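2 protein chains.
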Amino acid sequence: MSRIDEPGPAGPVRADVEEAARRLAGQVVRTPVLRSPAIDRLAGVRVLIKAENLQHGGSYKMRGASLAVGRLAAGGHGGVVAQSTGNHAVAVALAARWRGLAATVVLPADAAPTKVARARAAGARIVLADTAAERLALTRELSAATGHPVVDAYDHPDVIAGQGSASLELIEDAERAGTPLDALVLPVGGGGGAAGACLAATGRPIEVYGVEPVGCDSLARSLAAGRPTPVPPAPTIADGLRPACVGKLPFAILRTALRGVVRVDDEQIAAAFRLLLLELKVLAEPSGAAGLAGALRIAADGRHHTVGVVLTGGNVEAELVARLAADRFAQVTSVEGAAA
Amino acid sequence: MSRIDEPGPAGPVRADVEEAARRLAGQVVRTPVLRSPAIDRLAGVRVLIKAENLQHGGSYKMRGASLAVGRLAAGGHGGVVAQSTGNHAVAVALAARWRGLAATVVLPADAAPTKVARARAAGARIVLADTAAERLALTRELSAATGHPVVDAYDHPDVIAGQGSASLELIEDAERAGTPLDALVLPVGGGGGAAGACLAATGRPIEVYGVEPVGCDSLARSLAAGRPTPVPPAPTIADGLRPACVGKLPFAILRTALRGVVRVDDEQIAAAFRLLLLELKVLAEPSGAAGLAGALRIAADGRHHTVGVVLTGGNVEAELVARLAADRFAQVTSVEGAAA
Numbered sequence: 023m024s025r026i027d028e029p030g031p032a033g034p035v036r037a038d039v040e041e042a043a044r045r046l047a048g049q050v051v052r053t054p055v056l057r058s059p060a061i062d063r064l065a066g067v068r069v070l071i072k073a074e075n076l077q078h079g080g081s082y083k084m085r086g087a088s089l090a091v092g093r094l095a096a097g098g099h100g101g102v103v104a105q106s107t108g109n110h111a112v113a114v115a116l117a118a119r120w121r122g123l124a125a126t127v128v129l130p131a132d133a134a135p136t137k138v139a140r141a142r143a144a145g146a147r148i149v150l151a152d153t154a155a156e157r158l159a160l161t162r163e164l165s166a167a168t169g170h171p172v173v174d175a176y177d178h179p180d181v182i183a184g185q186g187s188a189s190l191e192l193i194e195d196a197e198r199a200g201t202p203l204d205a206l207v208l209p210v211g212g213g214g215g216a217a218g219a220c221l222a223a224t225g226r227p228i229e230v231y232g233v234e235p236v237g238c239d240s241l242a243r244s245l246a247a248g249r250p251t252p253v254p255p256a257p258t259i260a261d262g263l264r265p266a267c268v269g270k271l272p273f274a275i276l277r278t279a280l281r282g283v284v285r286v287d288d289e290q291i292a293a294a295f296r297l298l299l300l301e302l303k304v305l306a307e308p309s310g311a312a313g314l315a316g317a318l319r320i321a322a323d324g325r326h327h328t329v330g331v332v333l334t335g336g337n338v339e340a341e342l343v344a345r346l347a348a349d350r351f352a353q354v355t356s357v358e359g360a361a362a
Numbered sequence: 023m024s025r026i027d028e029p030g031p032a033g034p035v036r037a038d039v040e041e042a043a044r045r046l047a048g049q050v051v052r053t054p055v056l057r058s059p060a061i062d063r064l065a066g067v068r069v070l071i072k073a074e075n076l077q078h079g080g081s082y083k084m085r086g087a088s089l090a091v092g093r094l095a096a097g098g099h100g101g102v103v104a105q106s107t108g109n110h111a112v113a114v115a116l117a118a119r120w121r122g123l124a125a126t127v128v129l130p131a132d133a134a135p136t137k138v139a140r141a142r143a144a145g146a147r148i149v150l151a152d153t154a155a156e157r158l159a160l161t162r163e164l165s166a167a168t169g170h171p172v173v174d175a176y177d178h179p180d181v182i183a184g185q186g187s188a189s190l191e192l193i194e195d196a197e198r199a200g201t202p203l204d205a206l207v208l209p210v211g212g213g214g215g216a217a218g219a220c221l222a223a224t225g226r227p228i229e230v231y232g233v234e235p236v237g238c239d240s241l242a243r244s245l246a247a248g249r250p251t252p253v254p255p256a257p258t259i260a261d262g263l264r265p266a267c268v269g270k271l272p273f274a275i276l277r278t279a280l281r282g283v284v285r286v287d288d289e290q291i292a293a294a295f296r297l298l299l300l301e302l303k304v305l306a307e308p309s310g311a312a313g314l315a316g317a318l319r320i321a322a323d324g325r326h327h328t329v330g331v332v333l334t335g336g337n338v339e340a341e342l343v344a345r346l347a348a349d350r351f352a353q354v355t356s357v358e359g360a361a362a
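First to last, the protein sequences are chains A and B. Residue 23 is where the first sequence starts when you use my numbering, and the numbers rise one by one after that. Residue 23 is where the second sequence starts when you use my numbering, and the numbers rise one by one after that.
Bear in mind the hints are in silico, worked out from the structure with no lab data behind them. Honestly, I wouldn't trust all of these hints.
Between beta-carbon pairs, the in silico distance windows are [to be verified]: (1) A:Gly200 x B:Gly122: 37 to 47 Å; (2) A:Ala47 x B:Arg44: 25 to 35 Å; (3) B:Arg52 x A:Gly122: 33 to 43 Å; (4) B:Val236 x A:Pro227: 56 to 66 Å; (5) A:Pro227 x B:Arg277: 33 to 43 Å; (6) A:Glu194 x B:Gly97: 52 to 62 Å; (7) B:Leu150 x A:Gly324: 49 to 59 Å; (8) A:Arg198 x B:Asp132: 18 to 28 Å; (9) B:Arg345 x A:Gly200: 35 to 45 Å.
Quantities reported herein were computed from a predicted structural model and do not represent experimental measurements. In this text, a Cβ means the ideal position worked out from N, Cα and C, and glycines have one as well.
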């Protein structure tokens, strides 16, 4: 993806996340940190869940988009272009509307219909294309044609810092509650949120982990290879975690700061979805539930006391909710039984 | 229902709700007040939703139960007995466990299985019976046999004041946000929560409304008759709103302080459930969704600017979630379309 004009030469640092949090106060929801005794029991550790599904636009992507679009609006730009599997498109569309900018968003032709509908409802021009290569080319062409800069979904310092502000709020709220995190878990698509989490955790004894769906593990392969390594996305219910390759800027941060990557399959994601729905009482999209699925795996190693998870989003089709809620009812019941 | 020992001679007043809020701080979750642009647009007013589905035990019943059981524990009682359609039983079971008291809870044989499982998981002795009359008799007999006082689900000053603290927090948070309520809406089973809301709103220009399922309208009939009037409960998906009769103490408050009652049917409750799930991203039980269903009706009269709703609980079966999420998908989609 093309980068917009003003990235710092060395990428964002912790101070950028703190500055992002200050600038976003009042623009975004200070989402609550939620807990469930049933989830704690199942994990064997304290699990603090930052409910960014309750964010404007239904995901934490609102943070980076608001920061980036706000800076472009202040710089006199009249519009923006974005490419995304969905939530970043929704967030850029909303951020542009708030500031009176035009927005063009490029999405996969098989994007989650609710995400396409939400970006459309926010007044964005919607462009759909089949392959990732086509979408990247379209994004560049539309930016060139309109003169509107691209707000990359993850390879962008404002996006990394903005997404990182969710982790910073979680870290600070956990400290305030007397239960400081020793691990912090984020699902990984392009890696912007995980990179932001690493920056937010800088200087604290918090291990940051990424979670990828099996077969969509560009970050894990990139870390092994020492450079960003694309992976043809495999089928997954986590539609938001399908970018073909981790971003260069996130990778530069993650390769040194990330503790590790956990891979989860659809079954684990679905189980986490049901825990979030029936025990925590909130609706996660599968990409958001992947974070908890990974956290449960990480907690099982027994080295942590308090694990933070950023529940990154909640934009999901009613039909998929019905399917996920109904499947494996027995398994959820057994979790409840474990509470006895 | 039998009443416990120490109700004030004139029933609770606003000061009791304020005192309840002070005593409950730290014992219960200060739940967030949530908003959804899609719900605001549909309602045509600002709708502020107090997410008590995120409360300990999954419902606002935790408040009254914690207050009442705490007082009994301080008074040296070794156990408590409660009768409930479900959430009050869960709440009393949890409150008793926290304080090391024994709990016996009496529920309908057809209570929501998740509620029975949650009360059981909290360590309570579970007793099921078919009819309301049988459950009332059992409750009295078990109280007499054990010497443990009954914590009534609504005809109890601590319960009314405790439930009222949720409304008080909503009222105060709305004022703090610069959007003070002019209406406040609660679903009505035995009337304790609505009575608490009336007390919380005392002295402020806020109209308080109750919402009952069609055919479970004991409060509406009681207001018309001028005295508590039982109604054989009709079938409803709102399992928590099936008490046969409004409580005497709530009725004494509601008959003068309540602005009105709205009746909603299962279809309206299901539509509100889907709005809460897909737009607000939280899981309501049907009884909790009934409040929003009523608020949408009340908002339609065009006299209000900011309507508060206490989303009273979120304990619901996975199978019912699946059914409600899947049904009428077209209707939810049209709501999203309306956002354009």
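To see whether the hints hold, each was checked on the structure:
1. Against the hinted window of 37 to 47 Å, the Cβ-Cβ separation of Gly200 (chain A) and Gly122 (chain B) comes to about 23 Å, which falls outside the hint.
2. Restraint check, Ala47 (chain A) to Arg44 (chain B): a C-beta distance of roughly 29 Å satisfies the suggested window 25 to 35 Å.
3. Checked against the hint of 33 to 43 Å, the pair Arg52 (chain B) and Gly122 (chain A) passes, with Cβ atoms roughly 36 Å apart.
4. In this structure the hint that Val236 (chain B) and Pro227 (chain A) lie 56 to 66 Å apart at CB holds, the actual value being about 57 Å.
5. One distance hint, 33 to 43 Å for the beta-carbon pair Pro227 (chain A) and Arg277 (chain B), is violated here, with the actual separation near 59 Å.
6. Distance hint check for Glu194 (chain A) and Gly97 (chain B): the Cβ-Cβ separation is about 40 Å, which falls outside the suggested range of 52 to 62 Å.
7. The hinted window of 49 to 59 Å between Leu150 (chain B) and Gly324 (chain A) is violated, with their beta carbons roughly 40 Å apart.
8. Restraint check, Arg198 (chain A) to Asp132 (chain B): a C-beta distance of roughly 44 Å breaks the suggested window 18 to 28 Å.
9. One distance hint, 35 to 45 Å for the beta-carbon pair Arg345 (chain B) and Gly200 (chain A), holds here, with the actual separation near 41 Å.
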